[in-house]
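Asks: Could you build all of it, start to finish, from the sequences and the hints given here?
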Amino acid sequence: MGYLSTMTVAPFVAALLIMLVPSNRPWLTRLIALGASLVSFAISLVVLAGYSWQAGGFQFRETYQWLPQFGVQVLLGVDGISVPMVFLNAIVLLTGTIVTFKIADRPKEFYALFLVSVAGVFGVFCSVDLFVLFLTYDIAGLPMYILIVAWGSTRKEYAAMKLAMMHVAGSLFVWVGMLAIYVQAGSKSFDLEFLAAQAQVLFPPAFQQIFFPVIFIGFGFLAAMWPLHTWSPDGHGAAPTAVSMVAAGVLMKLGAYGIIRVAVWLLPVGAQFWSPFFVTLGTIGAVYGGVMALAQRDFKFVIANSSVSHMGYVIVGIATLSLAGMNGAILQMFSHGVMTALFFAMVGALYDQTHTREVGMFGGLARTMPWFTGFFVIAALASLGLPGLSGFVAELLIFLGAFQTYPVVGFLCIATVALAATYMLRMVARAFFGPINPQWTHLRDLLPAEWIAGVLLVATLVVVGVYPAPFLDMINASAAPVIERVGGVR
Amino acid sequence: MVPIEHVLIFSAALFAIGAYGVMARRNAVLVLMAIELMLNAVAVNLVAFGTLVYPGKTSGLVFAVFVITVAAAELGLGLAIVLRVYRMRSSVNVDEVDLMRW
Amino acid sequence: MELAWLAPVLPAGAFALNVLVWRQMGQARHLLSSLTTLAGIGGAFLVFLQVFGDAQANLEETASGPARHLILEGLRWFSIGSGGTASIFAPTLVIDWLSIMMLGVVTFLAFLIEVYATGYMKGDNRYWWFFSVKALFTAAMLGVVLSYNFLIFYISWEMVGLCSFLLIGFWYQERDNAEAAKKAFITTRVGDVGFFVGLALLYVATGTFDMKTIFDAVEAGKVDPTTVTAAGILIFIGAMGKSGQFPLHIWLPDAMAGPTPVSALVHSATMVAAGVYLVGRAYPLFHASETTMAVIAAVGTFTAIFAASIALVQRDIKRILAYSTVSQLGYMIMALGIGAYTAGLFHLFTHAFFKALLFLGAGSVIHSMEPVLHGTGRNPNDIFNMGGLRTKMPITFWTFLIASLSLAGIPPLAGFWSKDAILLGAWEHGAYLPLAIALLTAFLTAFYMFRCIYLTFFGSPRWASEPHASADAVHGAHAAHGHGHGGHATPHESPWAMALPLIVILVPAIAAGWLGMPGIYAPFEEAVRFGPVVEEHLNIWLAIAGSLAGLLGIGLATLMYLRPVSGPRLLGQAFPDTYRVLLNKYYFDELYQWLIDRVVLAIAAMAATVDRKVVNDTFTDAPGPIFSTLGDWLRRTATGRVQHYAVGFVLGITVVGAVVAGLVPDLRITLW
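Chains as they are written, first to last, in this note's numbering: chain A, 1 to 490; chain B, 1001 to 1102; chain C, 2001 to 2672.
FYI, nobody ran anything at the bench for these hints, they're computed from the structure.
Note that CB positions come from ideal geometry on N, CA and C, so glycine has one too.
One should not assume that every hint holds.
[Said to hold, decoys possible] As a list, the in silico SDA-like pairs of lysine to any residue whose alpha-carbon atoms are at most 25 Å apart:
1) C:K2613 with A:F101
2) C:K2613 with A:I284
3) A:K188 with C:A2661
4) C:K2613 with A:G360
5) C:K2613 with A:Y467
6) A:K156 with A:F101
7) C:K2613 with A:P227
8) C:K2212 with A:Y467
9) A:K156 with C:F2619
10) A:K156 with C:T2618
[Stated by the list, open to error] Partial list, derived from the structure: chain C residues whose beta carbon lies under 10 Å from chain B:
11) S2460
12) R2641
13) V2642
[Said to hold, decoys possible] Simulated DEER-style distance windows between Cβ atoms:
14) C:P2532 with A:P470: 41 to 49 Å
15) A:L45 with C:R2636: 54 to 62 Å
16) C:V2650 with B:I1068: 17 to 25 Å
17) A:A55 with C:R2076: 16 to 24 Å
18) A:A55 with C:L2046: 17 to 25 Å
19) A:L45 with C:G2123: 43 to 51 Å
20) A:V463 with C:L2046: 29 to 37 Å
21) C:G2662 with B:R1089: 43 to 51 Å
Replies: Next comes the structure, spelled out in structure tokens:
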């Protein structure tokens, strides 16, 4: 077993073990989950440190035969695009596990499903084989349905159904595109590297122009691309804390990752052809999400709509097909993942005590909950693109990429940043500052587990924001060849 | 020796009659009998191809015996179900047994 | 000089130490934090001294022009692309006389104001946090001052804005303070959108954020003139946001909600001057376009007179000073816009000292009024609740008076020389309308400052008794008519930690102008300049006109406010509408509030409804009914009759058989 397979399988094995644990031993469940997430986290650190950007390409390779007669192999490997994603997933897994320690309701089942989902995410980020990528993509998404229905709040049935249906609908598009690629290539191979290398020979322009949007839209469902975003507010709003963290922090990135890895990488001609269209959708999403967030009254809805806005930036960054934009989009995926995980961890900490998330119900929480407020404000500042936190560099690069290709889009995106400042600070000023609402004077500050999770996430935001070079070198090493194939702006 | 075409035409006819019976008859017992006809058509084909492709070997015959055995078991099961249905509904008319409907 | 990078790093280190280590120290954290911050900023001041001494000997003429630069290449922050086409984002610092001047001003004032704050903030339960943020602020401000790369400049600029947000909202328990902090951040952020768009345009045109490269490209005409104009105006919008220029001025007076040392340092002397500094720093860009310069001059001129007119009637002592700051910043911007580069920055230099002094004086007054008015519900900031403090607080009074004289432009104080330089610049560049408005503004400035002084320090004490019917007010819009008993305490001079900085800052408030006496001794002109050295000569008529405007203002204020208080009532009654409009600051707050509530939020609410009803319920949920209807139809095929299914089997087998037999063509897509 290599690094990547251990990292991917560890949560899965833990899920199986947890199902064998008697349900009157919740502590054992927690211990196993924590152990698995620590293993995965440690390996992700090894991968992060061990990936050599000078060498580039896929590293930490592993190959296993599965169905040789159809060309299905388990090919594992990570490049500069997936290393940050793997690290993101590991940190969300770890922090999600930690903040979930407190749940009393069926922890065994919860952890089992949670770990399966996260294992699926690792599979997507680590696989160099289209078939396995697709398979794990579905494994990652589907446990969400049960997690939301069983442990959610508010309109959980509706939200869970919508998430599941939209995920499946997206999968359908992706599946069609994947089979078309497989059949068209005709070489009985799902090996992404092989397909990409041969793309010019295998995929004629007309084919690419037809199937690029199919795959893009398919992954766009999970990436919350406008107008396929509506699962996001409902889903995040209804989901329990750790599930929100994974859904917003990581699942949305699966969509964007798929777009880069499959659509743009394999079908460069289609990418060029469709670039203006998807830039338009991305821009609409960015502005629209921002405007929507202004009108929300619920913490989670504000954050979910801001996620739509931020994922709009990601779509813009990818679709401009510029080097700066692509680098920025990938860094934005990372930074937004960490930031939303932090947001939802904090909202969860509040909701557990108050059972309401109505922003207007609060006031002056900074006095009684200083740590909570501090972490939340840092997340909000990262969200509005404050320099020194990771969001700034990412957005800067996306905007530069947009300006190099579509200046109007660049302008709209930057204007949305002012909008982000408005909705974030409205929320912060309303709920945390001002006189304290006597109804909430009894609230306690963060639990130790929540505090540890918060510190981890904040540290990541700050480190990447202050010194992004190592991350960007890595991302750049793998994004540059993609952009070169497309012939995008350097 | 009988030409293979004759045997095949015979078994195809037998199969078609059986299929028609399965689709068209209303009495459950007769439906089961029609199934028997189809199975027998298959058995005939197995014997014919067995002797044609591997002359002197008995694999085709063995297969046919298997089919007959399974057919007998299946008929036994089928008739038992028919009996139960008759007990419950006083009818063996398959039109009236649509419990598996939407 | 190579150590200049230490200047921002030392306070930043102090911040990190405070937040990461001292915070855990229980009550000791307060003392430790304040000492660490003082040490950090003091260290930065020592760096300034070193750089200053070194620069006098070692600053060489560079080839690119008369400006003197010494560029310190820093670390690579990050880069994208590789090989020859890589775009590298690296911090670059600049040491020229402009940055050295600001380095000195910021570190000097920050240190003294920190000392002052040790007294002013005593007993606050978040004392340590105050000093931590002030350390971060100083670091960020020094980043703005020293960076020679637009990206680093922008980053520091944003960090400055963040610190301003945290400091305005320092006493966040009051709803108004939280709102003011939010307003400040968002308003400046609107300006920053313009700034950033301008930077992006420049980046696309030149492929870099490095100022030197950009300026060289602009001067060499390599950048499209339209881009230069557009980028110039957009970047100037950023400066307008930070420096509170019309129409983005609304946040600055509200920002007075912060503790007074914050107002003194952040919102008068340094941060708000950052906008002016930006105009000075990016002058080659602005200067390359006539349109940009005209816009800058127009905005500056209008703001100068506009804010001064509002200051005439304000009641809150800090708000008077805030509008005065807006007005004076407009003065500087105007000077830069009409081409009087040195004069604008010279005024920035002198203004920092006397305005900081004024704010510290105001803080001292408020500090002593607070216990007096405690429990009466009367606003300790309101000058109509003061009076007669001259004898109670002599040090505060005299420093405040001298600083006001300096602001009013009375020779030979600092303000006179810089104001005179601006008037002279306007005269020489033929900008006669700005010149006239500048003179009028000078008159108004002197008037409102002395109105403030007379009401605060002269006359009968109004804090001891029941509140008077306020002198100016027609409708008493702002008056906090508390009916409690006056406090028992009397105002007294502030502790030495607060009084000493006043005296120290008094020195440059008097003498800073002596560095720019045209024709007599003017090292400032020689150092901070754009283009070749021009020998300036004192224009005696302009000097007299300027001083006269100030004296007239003082005279009118004396007539109206020295004698307890009847004249002003007449003024208020004579022009009630004008008075009301001024008191309500031309209703700009109301206008923006209306825009936000009725336009922006309405649009947002509408969009939210559309999202729910149309995008979600109609489009996203639409497949639901479609498929359930379809399913309703399809399920009828499940008749439950085995024989129907059997028909299906047979048909299916037939199709499969046909495919296997090759009767249907290959399914592989052969279209292309």
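Asks: With reference to the structure, classify each hint as holding or not holding.
Replies: Status of each hint after checking the structure:
Among the hinted pairs, K2613 (chain C) with F101 (chain A) is inconsistent with the structure: their alpha-carbon atoms are about 38 Å apart, more than 25 Å. Simply put, K2613 (chain C) and I284 (chain A) have alpha-carbon atoms about 18 Å apart, close enough for the 25 Å limit, and the pair holds. The suggested pairing of K188 (chain A) with A2661 (chain C) holds, with an alpha-carbon distance near 23 Å, which does not exceed 25 Å. Note on K2613 (chain C) and G360 (chain A): the hinted pairing holds, with a Cα-Cα distance of about 24 Å set against a maximum of 25 Å.
For the suggested pair K2613 (chain C) and Y467 (chain A), the alpha carbons sit about 44 Å apart, so the restraint of at most 25 Å is broken. For a cut-off of 25 Å, the pair hint linking K156 (chain A) to F101 (chain A) stands: about 22 Å separates their Cα positions. At most 25 Å may separate the alpha-carbon atoms for a hinted pair to count; K2613 (chain C) and P227 (chain A) meet this at roughly 13 Å. Under the criterion of a C-alpha separation no larger than 25 Å, the hint pairing K2212 (chain C) with Y467 (chain A) is consistent with the structure, at around 24 Å.
A C-alpha spacing of about 20 Å is found between K156 (chain A) and F2619 (chain C), which places the hinted pair at or below 25 Å, so the restraint holds. About 20 Å separates the Cα atoms of K156 (chain A) and T2618 (chain C), which keeps this hinted pair within 25 Å; it holds. Residue-level restraint check for S2460 (chain C) is violated (minimum Cβ-Cβ distance to chain B is 95 Å; threshold 10 Å). Look at R2641 (chain C): its Cβ gets to within about 6 Å of chain B, closer than 10 Å, so that hint holds up.
The criterion of a C-beta within 10 Å of any C-beta in chain B is met by V2642 (chain C), whose closest approach is roughly 6 Å, and the hint holds. Between P2532 (chain C) and P470 (chain A) the Cβ separation comes to about 47 Å, which falls inside the hinted range of 41 to 49 Å. Distance hint check: the CB atoms of L45 (chain A) and R2636 (chain C) are about 58 Å apart, consistent with the given range 54 to 62 Å. About 23 Å separates the C-beta atoms of V2650 (chain C) and I1068 (chain B), a value consistent with the hinted range of 17 to 25 Å.
For A55 (chain A) and R2076 (chain C), the Cβ-Cβ distance of about 20 Å falls inside the hinted range of 16 to 24 Å, so the restraint holds. Taking 17 to 25 Å as the suggested C-beta distance range, the pair A55 (chain A) and L2046 (chain C) does not conform, at roughly 46 Å. Taken as a hint, the range 43 to 51 Å holds for the pair L45 (chain A) and G2123 (chain C), whose Cβ atoms sit roughly 46 Å apart. Our hint of 29 to 37 Å for V463 (chain A) and L2046 (chain C) holds, since their Cβ atoms are close to 30 Å apart.
Between G2662 (chain C) and R1089 (chain B) the beta carbons are some 47 Å apart, a value that agrees with the proposed interval 43 to 51 Å.
Checked against the numbered hints above, the structure breaks hints 1, 5, 11, 18 and satisfies the rest.
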